[in-house]
Amino acid sequence: MGKKLKTYQGEQISISFEAQRCIHAAECVQGLPQVFDLNKHPWVNPDAANPDAIAEVIERCPSGALKYQRQDGQQEVGTDKTSITAVPGGPLYLRGQLKIALPDGEALEETRAALCRCGASKNKPFCDGSHSEVGFDDD
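Mapping of the sequence shown onto the working numbering: position 2 corresponds to residue 2, and the numbering continues sequentially without gaps.
Just so you know, the hints here were simulated from the structure itself, not pulled from any lab data.
List time: in silico BS3-like cross-link candidates among lysine-lysine, alpha-carbon distance up to 27 angstroms: (1) Lys122 / Lys6; (2) Lys4 / Lys99; (3) Lys6 / Lys40; (4) Lys40 / Lys4; (5) Lys124 / Lys99; (6) Lys124 / Lys6; (7) Lys99 / Lys122; (8) Lys81 / Lys124; (9) Lys124 / Lys4; (10) Lys4 / Lys122; (11) Lys81 / Lys99; (12) Lys6 / Lys99.
The calculated label-pair distances, taken between Cβ atoms and stated as ranges, are: (13) Val134 / Asn50: 36 to 46 angstroms; (14) Asn39 / Glu133: 24 to 34 angstroms; (15) Gln74 / Gly135: 34 to 44 angstroms; (16) Lys6 / Gln74: 17 to 27 angstroms; (17) Gln9 / Gly135: 35 to 45 angstroms; (18) Gly135 / Gln69: 31 to 41 angstroms; (19) Ala53 / Lys122: 32 to 42 angstroms; (20) Ala53 / Lys124: 30 to 40 angstroms; (21) Arg60 / Glu109: 17 to 27 angstroms; (22) Gly73 / Val134: 38 to 48 angstroms; (23) Thr79 / Ala53: 15 to 25 angstroms.
In this text, all values refer to a predicted model and were calculated from it rather than measured experimentally. The beta carbon of each residue, even a glycine, is placed where N, CA and C say it ideally should be.
From just these sequences and the hints, can you work out the full model?
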């Protein structure tokens, strides 16, 4: 799977965004609107808040579309305990130290992911929001 990453470099933290993994949970724009502002170009400003606050908000992103790299060396580490949450009518949210096998045989190591449950995603195994289009309803 070819990742299409956009990286926003700041003085203390860089933020990467993989649009095809974003499911618009809006944790970023609600958590730090001064950093993540859809009405600005670029929409991410890594210097608009302190890196601890940015890291905390990015770690709330359930899909893993947002990631960060801190210049001080502190990085996100998945918890030892894996958790899986089924979103009613939506994806499975996974957190932990994950290894995800892709259809092409590639394996990704992740700390957060939103996996498709409806079968309609065009970005399997990840959710792409297709559950809304196909009327998937499973609580």
